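A.B. asks: Build out the structure end to end from the sequences listed, making use of the hints.
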Amino acid sequence: MKLLVNQGNFEILIPPQELSIQLLNIECAGRTCYKSEKDTVTLQTAMKFAKMLLKRGHESVIEHSHLPVRFTNISRGFTHEMVRHRLCAFSQESTRYVDYAKEENEVDLDKFSVHCIAPGHQNLQDKVHVKLLDEGFIGNGIGVDLIIEDMFNTIEIFYRALRKAGWPAQDARQILPIGLRSEIVVSANFREWRHIFKMRTGKAGHWEIRYVMCKLLKRVQELIPVIFDDFIYCGKDKDGYPYYKQNKGE
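Here the sequence shown is numbered in my numbering, starting from 2 and rising by one per residue.
Bear in mind the hints are in silico, worked out from the structure with no lab data behind them.
Heads up, a few of these hints could be off.
With a cut-off of at most 27 Å between alpha-carbon atoms, the simulated DSSO-like pairs for lysine-lysine come out as follows [stated by the list, open to error]:
id, residue 1, residue 2
1, K165, K103
2, K219, K56
3, K128, K3
4, K204, K216
5, K219, K199
6, K165, K52
7, K52, K239
8, K165, K112
9, K216, K49
10, K249, K204
11, K249, K49
12, K56, K199
13, K249, K237
14, K112, K3
15, K239, K219
16, K216, K246
17, K49, K199
18, K56, K39
19, K239, K204
20, K199, K216
21, K204, K237
22, K165, K199
23, K237, K216
24, K246, K199
25, K219, K49
26, K49, K246
27, K39, K49
28, K219, K237
29, K3, K132
30, K219, K204
31, K246, K52
So the derived label-pair ranges between C-beta atoms look like this [unchecked claim]:
id, residue 1, residue 2, range
32, T41, K103, 49 to 59 Å
33, I233, L125, 28 to 38 Å
34, S61, H207, 23 to 33 Å
35, V84, E64, 11 to 21 Å
36, M152, Q247, 36 to 46 Å
From a predicted model like this one, the values you see are computed outputs, not experimental measurements.
C-beta atoms are modelled at their ideal positions from N, C-alpha and C, and glycine is treated no differently.
C.D. replies: Structural data, given as structure tokens:
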């Protein structure tokens with residue numbers, strides 16, 4: 002079993018220049034509303050137009066856009082939160098068809114490792130006293146002191162035992178934890194990404210998804226600042242994770 006701490010990351014799946022081109026599309030679409038079409042649309046005019054739209058609250062026009070992102074080394078808990086957002090397309094790593102007993106494309110029921118995401122702000126060496134019930138695998142109410150790695154290791158042992166007993170991956174997955182490492186591709190328009198950043202980079206956001214979303218927000222602010230520059234970095238919380246707030250403007 003392998004614990005991953007603060008290794009969540011992202012990959013933007015289209016070239017930066019394509020994001021700029023989408024600003025041109027936004028201006029072309031938006032000018033249809035005003036019948037103010039121009040013979041020449043440039044990046045400068047498109048940025049000015051997008052800024053005007055956001056200032057006036059006409060965010061429906063910036064839906065003429067597309068931003069696909071791959072998230073890696075994140076937990077199933079992360080993906081569960083992401084798929085709650087409505088106006089997105091999702092393609093997620095499957096626990097039915099991904100065999101966690103595979104190492105380098107070979108199934109090895111003795112050597113495989115389950116990867117799990119752990120909270121880096123907790124002392125992972127702290128021992129927690131666990132009282133095992135009579136029905137437990139030790140029984141008779143015996144108590145043991147465990148660290149989180151022991152708990153994940155126990156799940157891996159049970160997963161391995163089920164696979165060796167002939168259970169297919171799609172059945173054995175039922176005991177895997179929400180901290181299991183996963184991967185997901187999320188595609189959405191700029192307006193939806195603004196909503197996602199508002200929900201997930203604020204101080205109330207869960208530490209794991211906030212950590213990754215703050216990194217993504219910083220990157221898209223560099224690539225297309227006119228769309229996302231109203232999100233302001235506020236610092237870090239007591240656990241050391243960054244957070245943002247959205248500037249409401251004038």
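A.B. asks: Does each hint hold? Answer for all of them.
C.D. replies: Here is how each hint holds up against the structure:
1. Pair hint K165 plus K103 holds up; C-alpha atoms about 13 Å apart against a cutoff of 27 Å.
2. Proposed proximity of K219 and K56 is supported: the alpha carbons are some 21 Å apart, at most 27 Å.
3. For the suggested pair K128 and K3, the alpha carbons sit about 18 Å apart, so the restraint of at most 27 Å is met.
4. At most 27 Å may separate the alpha-carbon atoms for a hinted pair to count; K204 and K216 meet this at roughly 14 Å.
5. Between K219 and K199, the direct Cα distance comes to roughly 13 Å. Compliance with the 27 Å bound is thereby established for this hinted pair.
6. The straight-line distance between the Cα atoms of K165 and K52 is roughly 59 Å, outside the 27 Å bound, and the hint therefore fails.
7. For the hint pairing K52 with K239, the CA-to-CA distance comes to about 34 Å; that exceeds 27 Å, so the pair is violated.
8. Under the criterion of a C-alpha separation no larger than 27 Å, the hint pairing K165 with K112 is consistent with the structure, at around 12 Å.
9. At most 27 Å may separate the alpha-carbon atoms for a hinted pair to count; K216 and K49 meet this at roughly 26 Å.
10. Proximity of K249 to K204 is assessed by CA-CA distance (about 16 Å); at most 27 Å being required, the pair is judged to hold.
11. Between K249 and K49 the CA atoms are separated by roughly 18 Å; this keeps the pair inside 27 Å, and the hint holds.
12. Among the hinted pairs, K56 with K199 is consistent with the structure: their alpha-carbon atoms are about 17 Å apart, no more than 27 Å.
13. Straight-line distance between C-alpha atoms of K249 and K237 comes to about 21 Å, which keeps the hinted pair within the 27 Å bound.
14. About 12 Å separates the Cα atoms of K112 and K3, which keeps this hinted pair within 27 Å; it holds.
15. Simply put, K239 and K219 have alpha-carbon atoms about 21 Å apart, close enough for the 27 Å limit, and the pair holds.
16. As the CA atoms of K216 and K246 are separated by approximately 14 Å, the hinted pair is consistent with the 27 Å bound.
17. Between K49 and K199 the CA atoms are separated by roughly 23 Å; this keeps the pair inside 27 Å, and the hint holds.
18. Restraint check for K56 and K39: satisfied, since their Cα atoms lie roughly 21 Å apart, inside the 27 Å limit.
19. This hinted pair checks out: K239 and K204 have alpha carbons roughly 10 Å apart, not beyond 27 Å.
20. For the proposed pair K199 and K216, the alpha carbon gap of about 14 Å is at most 27 Å, so the pair holds.
21. Pair hint K204 plus K237 holds up; C-alpha atoms about 9 Å apart against a cutoff of 27 Å.
22. Taken as a hint, the K165 and K199 pair is broken in the structure, with Cα atoms around 45 Å apart against an allowance of 27 Å.
23. About 13 Å separates the Cα atoms of K237 and K216, which keeps this hinted pair within 27 Å; it holds.
24. A threshold of 27 Å between alpha carbons decides the hint, and for K246 with K199 the separation of about 7 Å falls inside it, so the pair holds.
25. The suggested pairing of K219 with K49 holds, with an alpha-carbon distance near 21 Å, which does not exceed 27 Å.
26. Annotation: proposed proximity of K49 to K246 holds, straight-line Cα distance about 23 Å (limit 27 Å).
27. Restraint check for K39 and K49: satisfied, since their Cα atoms lie roughly 14 Å apart, inside the 27 Å limit.
28. Of the supplied pair hints, the one linking K219 and K237 holds, its CA atoms being roughly 14 Å apart against a limit of 27 Å.
29. A threshold of 27 Å between alpha carbons decides the hint, and for K3 with K132 the separation of about 25 Å falls inside it, so the pair holds.
30. Distance restraint check for K219 and K204: the Cα-Cα separation of roughly 16 Å lies within the 27 Å cut-off, and the hinted pair is therefore satisfied.
31. With a CA separation close to 18 Å, the supplied pair K246 and K52 stays within the 27 Å bound.
32. Distance hint check for T41 and K103: the Cβ-Cβ separation is about 54 Å, which falls inside the suggested range of 49 to 59 Å.
33. At about 32 Å, the beta-carbon gap between I233 and L125 stays in the expected band of 28 to 38 Å.
34. Judged by the Cβ atoms, the range 23 to 33 Å given for S61 and H207 holds: they are separated by roughly 29 Å.
35. With their beta carbons about 20 Å apart, V84 and E64 fall inside the hinted range of 11 to 21 Å.
36. In this structure the hint that M152 and Q247 lie 36 to 46 Å apart at CB holds, the actual value being about 38 Å.
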